[in-house]
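The residues making up each chain are set out below.
Protein chains: 2
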Amino acid sequence: MKVIVIGGVAAGPKAASKIIRNNPEAEVTIIEKGEFLSYAGCGLPYYISGVVKEQKELMSTPIGIVRDSVFFQNVKNVNVLNHTEAVAIDRKNKTVKIKRANETEEELPYDKLVLATGASPVKPQLPGMTLKNIFTLHEVEDAEGIKNMLSENRVIDAVIIGGGLIGVEMAEALAERGCRVSIVEMLDQILPMFDSEIAALMEKRFEEKGIKILTGTKVLCFDGGKEVHKVMTEREPLTADMVIMSVGVRPNVSLAVSCGLETGKTGAMKVNPQMQTSDPNIYAAGDCTETVNLITNKPAFIPRGATANKHGRVAANDICGIKDGFRGVLGSTICKIFDFTAAKTGLSEREARLAGFDPVICLSPAPDRAHFMPEAKLLYLKLVANRKTRKLLGAQAAGSGVCDKRIDTAATAISAGMTIDDMANLDLCHAPPYAPAMDNMIVAANILRNKLDGVMIGIKPKGAKKKVEKKGSSVLLLDVRSPAEVAENKIEPSMNIPLGKLRSEIEKLDVFKDWEIIVLCKISLRGYEAALILKSKGFENVKVMDGGILMWPYAGRRKIQGGEK
Amino acid sequence: MKVIVIGGVAAGPKAASKIIRNNPEAEVTIIEKGEFLSYAGCGLPYYISGVVKEQKELMSTPIGIVRDSVFFQNVKNVNVLNHTEAVAIDRKNKTVKIKRANETEEELPYDKLVLATGASPVKPQLPGMTLKNIFTLHEVEDAEGIKNMLSENRVIDAVIIGGGLIGVEMAEALAERGCRVSIVEMLDQILPMFDSEIAALMEKRFEEKGIKILTGTKVLCFDGGKEVHKVMTEREPLTADMVIMSVGVRPNVSLAVSCGLETGKTGAMKVNPQMQTSDPNIYAAGDCTETVNLITNKPAFIPRGATANKHGRVAANDICGIKDGFRGVLGSTICKIFDFTAAKTGLSEREARLAGFDPVICLSPAPDRAHFMPEAKLLYLKLVANRKTRKLLGAQAAGSGVCDKRIDTAATAISAGMTIDDMANLDLCHAPPYAPAMDNMIVAANILRNKLDGVMIGIKPKGAKKKVEKKGSSVLLLDVRSPAEVAENKIEPSMNIPLGKLRSEIEKLDVFKDWEIIVLCKISLRGYEAALILKSKGFENVKVMDGGILMWPYAGRRKIQGGEK
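Chains A and B are the protein sequences, given in the same order.
Our numbering numbers the first residue of the first sequence as 1 and each following residue consecutively.
Our numbering numbers the first residue of the second sequence as 1 and each following residue consecutively.
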């Protein structure tokens, strides 16, 4: 059996190696345009920041062996043609036409073909795009170009266009290298896969680190001589010695399209669960491939290294006649922004609405482990559940606390179709250095249960602000924190009765009996208690501000940001 | 409705508060023997070590409010009788007889009663047990006694009897305070909920930190004048200024038993999923209560703070007529040993066998995030699956890498009844600072799939050693690491052919064609590749040593321990 694999980064080498493991008699050839195989593209920002010292580390196995063509030949028995391009596929005769570095062409026959052609950065056709020092970050060569500039002995103004994952990772990397960094984002927020209140936390963190964030801002063009000097935006011109274009990636499908293979709605290769394209002898895997969102069952284009590896395995198994299937993705995402993390799985609230769900949400900021441990850090957790089925739809976590643990737990729960009641019963591990006795995830699930059971009615800070500021509205913001806490950051207008005094001073609220009362505290745990007290005293229109003052994105928030518990 | 709650630590206050939240009209009284309510018992070792500075922090809410009787009255509207003991229950007349600190007695009527009487440390009746400075660790007062001794200006010899969770946490705490520490354990290993190869990693770490471990050793008696000076064991006498007895806890059920309530097989209170005892008006919750192991469906006594909280909520809901139920536990466990963590959920391999399962296991040591990140740490992962159903039965993690994330993910997967195929498809989050592209959990699941699919046959280091050392056996240990790696720690007898040369030097193995060949490398990934190469070359009896040299618990291992990737 002759197998040709086009693309040598993630899905390709995985598929190739697995085919040989399944069937040592197979003849497998990888065709790769570049020099390198199996390099860790996700490590490039850390190579640029200097956290990863040598390029070689990104191409090595954990043992330190560089995955070059010799390695693939000797260890995996996979033939590698690097510096070689696949230029055409002849499906009828089952051949791939290749072009070598020296421009010679050749036809290679295949029984099965795997397309692992990846994705490429989108390069919008803006005036000035061809100026020097406008980079994308996709290949090792891009990283080397950026690093060369950084080695110059001067402070560099770097403008990052696009506040997605690569954009924010690059912002951190360049700031760590001493650049003055701005991020320009067309949408109203960075990290568009997150809901705005979570993205706002990250924007705040960037700003605290001196990084300028321009959201809702289009780039018009680039100015300069040979090199870029200015990024002209709708709002203001930005000085730029370097520009990083990170406005997304597009699947590399031209080879496939030109031989008549089908692409999906997302523009990526359409495949069945066995990773077969519309031609059963041709598979597609990795970043060039469309996949299914496990929650919406709709096609999705969410390129990820982990997914590419799974694709590669499934394609290899199917090629070798071993039953397997790729089920789909949740779009799990994580990125580091200095000491902060943002992580997500499943649907955001906005995505849930767009997909036609009736979502119920909770915002729960709390210490990430026993609050009395000095290393406890603040973790903001947002859960989104399906009101009808009580199933978890998505989870977002942010902050200096441990986010990945909670999001991986949520990803597992969503995959299993768990309800929030199931989640509240999870037996997660806890000891003071690792988690509170009631893990943040369980607390959040219980808040959702309270909301779904009608015991608690939440309102988001944004909605609360709007209501209370509306002229002539009969809405009271009741802050039940201690006077000392309120002195640190008061919301205006609001009234303060500390929770401990609420029962004894309830008559202070007599005049508000017919008002809507929105209760808040630091995280809205005391707020919840207060709302229950008010209800027991006959107040009928009582809401709790989701996430408390910690989720209040307006004035006064700065003081309570950061490493605070 | 009058509710009496006996016990004010975890399940009791939780039940009391939740009842009032559910039903503000309820009259709820907590009866507590001691001074304190809702204190974090699990924080005591960290109070002793000095990580937690003040006792008060263990009794406070995350906001810093001490949960005393005034707090419960004002905030929760719960009446608290502390320094008060419940001495008898009259089920017929539905009253509890209480005794106050001043010895006065009183009868309190109840409609519903919640027993949250907790558990107490086992104190074996050994000669000398009444000597001074023999402690258990259960209450704040115990911690104060230990701290008083530590404040003396001398090096203290501390002997810890029992290597369970509290024992190992205390060993760390006392070592951090400068004590010379020994642990004496009757069983063959410390941390008996873990399989021996995982416990061995922790024993090694203790020894590296200068802590003496005596396993398989019974304590005979204590010697001393007024104070303890020596612990006499079967093996050797140990100098002791201080002894910590941590040989387990027993549920406090005497009050319940004397009024005729049923206990279960484990000796703890028997309850239904609504936490009702054999008297439907009496509930039991928390450490005094038996629960169900979700995997075996058998009764279990696994006291945990998180479980107590869940029990309290369920009991409160049922008392208030709200549908709820406690489902059971997985025995999730975590503890810190200096820079190491040991964490577990579900069944160990031994427990799985005892429960009648046919377990298949994998041992997977690997970096806990992208291996090129400088902060990557080694994580040892062991999964146990049911050979028949392919469902995950348990997971154990240890090492300086991030363990809790993987174990919480596993706990969620087990709760959902996931197979290892489901797990291999999980969309977990990854970026270099947080996880490898193929998370350790997914790699481990894939190893299990390979084993279950018959593609890989594993053998544990212990079994490999036995086989190869047997005189006249035709068993070859084939080490496929590089010569440089082998030079660092060679297993004798073994043969070395680096993986990259195995195909070209295969004839070296011609004489072993009929032998059993056990292949190994550092972590057994190259070992697996080598085994496949051998099989493709006609070798029929090939096994892979589970976990590679990193799981080899014999000579030469020290060199590769610790922060090594």
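One or more hints might be untrue.
In this list, chains with the same sequence are indistinguishable; a pair is considered to hold if it fits within one copy or across any two.
Derived DSS-like pairs: lysine-lysine, alpha-carbon spacing no greater than 27 Å straight-line [what the hints assert, rightly or not]:
no.	residue 1	residue 2
1	K535	K53
2	K123	K94
3	K336	K377
4	K543	K323
5	K270	K501
6	K537	K2
7	K218	K92
8	K513	K2
9	K501	K537
10	K33	K270
11	K467	K99
12	K467	K218
13	K467	K490
14	K132	K147
15	K471	K298
16	K204	K230
17	K92	K336
18	K501	K460
19	K218	K513
20	K336	K209
21	K92	K265
22	K388	K471
23	K92	K537
I should point out that these hints are in silico values taken from the structure, not numbers from a laboratory.
Evaluation of the provided hints:
Within a single copy, K535 and K53 get their C-alpha atoms no closer than 60 Å, and across copies no closer than 39 Å, so neither meets the 27 Å cut-off. For a Cα distance limit of 27 Å, the shortest separation of K123 from K94 qualifies neither inside one copy, at 33 Å, nor across copies, at 77 Å. Taking the shortest Cα distances, K336 and K377 sit within 27 Å of each other both inside one copy (15 Å) and across copies (18 Å). In this homomeric assembly, K543 and K323 come within 27 Å of each other (Cα to Cα) only across copies, at 24 Å, whereas the closest approach inside a single copy is 53 Å.
With identical chains, the CA atoms of K270 and K501 are never at most 27 Å apart, being 62 Å at best within one copy and 40 Å at best between copies. For a Cα distance limit of 27 Å, the shortest separation of K537 from K2 across copies, 19 Å, qualifies, whereas the shortest one inside one copy, 78 Å, does not. Proximity of K218 to K92 under the C-alpha cut-off of 27 Å is found in neither arrangement, the shortest distances being 46 Å within a copy and 77 Å between copies. Taking identical chains as interchangeable, the C-alpha atoms of K513 and K2 are never at most 27 Å apart, the minima being 79 Å within one chain and 29 Å between chains.
Proximity of K501 and K537 under a CA criterion of 27 Å is satisfied intra-copy only: 14 Å inside one chain copy versus 80 Å between copies. Proximity of K33 to K270 under the C-alpha cut-off of 27 Å is restricted to the intra-copy arrangement: shortest distance 23 Å within a copy versus 67 Å between copies. When the C-alpha separation of K467 and K99 is checked against a cutoff of 27 Å, the pair qualifies neither within a copy, at 66 Å, nor between copies, at 53 Å. In this assembly of identical chains, K467 and K218 lie within 27 Å of each other by CA distance neither inside one copy nor across copies; the values are 32 Å within and 69 Å between.
Proximity of K467 and K490 under a CA criterion of 27 Å is satisfied intra-copy only: 17 Å inside one chain copy versus 72 Å between copies. Taking the closest pair of Cα atoms, K132 and K147 come within 27 Å of each other only inside a single copy of the chain (14 Å); across copies the shortest separation is 66 Å, beyond that limit. Taking the shortest alpha-carbon separations for K471 and K298, neither the intra-copy value of 44 Å nor the inter-copy value of 62 Å comes in at or below 27 Å. Taking identical chains as interchangeable, the C-alpha atoms of K204 and K230 lie at most 27 Å apart only when both belong to the same chain, with a minimum of 25 Å there against 59 Å between chains.
In this homomeric assembly, K92 and K336 never come within 27 Å of each other (Cα to Cα): the closest approach is 48 Å inside a single copy and 62 Å across copies. For the identical chains of this complex, K501 and K460 are intra-copy neighbours only, at 25 Å inside a copy versus 63 Å across copies, given an alpha-carbon limit of 27 Å. When the C-alpha separation of K218 and K513 is checked against a cutoff of 27 Å, the pair qualifies neither within a copy, at 48 Å, nor between copies, at 69 Å. For a Cα distance limit of 27 Å, the shortest separation of K336 from K209 inside one copy, 13 Å, qualifies, whereas the shortest one across copies, 33 Å, does not.
For the homomeric pair K92 and K265, the shortest alpha-carbon distance inside one copy (26 Å) is at most 27 Å, but the shortest distance between copies (71 Å) is not. Taking CA atoms no more than 27 Å apart as the test, K388 paired with K471 passes in neither setting, with 36 Å inside one copy and 67 Å between copies. For the homomeric pair K92 and K537, neither the shortest alpha-carbon distance inside one copy (79 Å) nor that between copies (35 Å) is at most 27 Å.
Violated hints for the displayed structure, listed by number in ascending order: 1, 2, 5, 7, 8, 11, 12, 15, 17, 19, 22, 23.
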